[in-house]
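Given the sequences, and given the hints that come with them, work out the whole structure.
Quick note, the sequences are listed as chains A and B, same order.
FYI, the numbering for the first sequence is 1 to 116, going by this note's numbering.
FYI, the numbering for the second sequence is 1 to 119, going by this note's numbering.
Wrong hints could be hidden among the right ones.
Using 16 Å as the maximum straight-line C-alpha spacing, the simulated EDC-like pairs for lysine to aspartate or glutamate come out as follows [stated by the list, open to error]:
(1) Lys38/A to Glu107/B
(2) Lys38/A to Glu42/B
(3) Lys78/B to Asp30/B
(4) Lys16/A to Asp86/A
(5) Lys41/B to Glu10/A
(6) Lys70/A to Glu10/A
(7) Lys3/A to Glu68/B
(8) Lys51/B to Glu68/B
(9) Lys70/A to Glu26/A
Honestly, the hints are just simulated from the structure, not real lab data.
Please read these numbers as outputs of a predicted model, since none were measured by experiment.
Read off the chains here:
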Amino acid sequence: AQKVTQAQTEISVVEKEDVTLDCVYETRDTTYYLFWYKQPPSGELVFLIRRNSFDEQNEISGRYSWNFQKSTSSFNFTITASQVVDSAVYFCALRRGQTGANNLFFGTGTRLTVIP
Amino acid sequence: EAGVTQFPSHSVIEKGQTVTLRCDPISGHDNLYWYRRVMGKEIKFLLHFVKESKQDESGMPNNRFLAERTGGTYSTLKVQPAELEDSGVYFCASSQRGGGELLVGNEQFFGPGTRLTVL
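Right, here's the structure in full:
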């Protein structure tokens, strides 16, 4: 069975601090995909990144970076120099790699509050 | 380009009533998904359409839920009769391609959700 765990329910940081959101996943598949989505106050889920299971290279996009480690089944997300606009709920998700396996398995989300 | 839109944004109904939620996917996206988040829990998959066909409805909780996508464009999700445990946020998502394909275009783009409250 597939499972995604986001142990941090809520995090508060002061603006300009760095913050890491944890994501641990479970799957027996050898091919799978990992995702992060951001849910701002407006409600929609905004796609941030997709990672394939065979590509463990870490990725950086501006102030965002992702650390994918298969050895610990983790896909953590770090925001550097946080800003108030980063305040949102962040979801980690997993999708199986089989053809036809389309649905996402989500974690419960982490609410990030950046205090000015 | 317009994103995924959902209507209504909020709905408050009484137990036993019927509610219909609507989703308009991004133009050209053949794949449409419904998900639900019950308060404080994870977002859970309900079903997946490819054009007008149901590809996977394994997540539908029971036969009080009926999803349709006539013509392969917008989709509706009807709950009849609604129960208290149906309360939550219903998300719709769309993608160009389905999953399992190592191609750009299978990312799912989500709408803002419909918050359903059953009293």
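Do the hints match the structure? See the list:
{"no.": "1", "hint": "Lys38/A to Glu107/B", "result": "holds (14 Å)"}
{"no.": "2", "hint": "Lys38/A to Glu42/B", "result": "holds (14 Å)"}
{"no.": "3", "hint": "Lys78/B to Asp30/B", "result": "violated (21 Å)"}
{"no.": "4", "hint": "Lys16/A to Asp86/A", "result": "holds (11 Å)"}
{"no.": "5", "hint": "Lys41/B to Glu10/A", "result": "holds (14 Å)"}
{"no.": "6", "hint": "Lys70/A to Glu10/A", "result": "violated (25 Å)"}
{"no.": "7", "hint": "Lys3/A to Glu68/B", "result": "violated (28 Å)"}
{"no.": "8", "hint": "Lys51/B to Glu68/B", "result": "holds (10 Å)"}
{"no.": "9", "hint": "Lys70/A to Glu26/A", "result": "holds (10 Å)"}
This entry does not satisfy hints 3, 6 and 7, going by the numbered hints stated previously.
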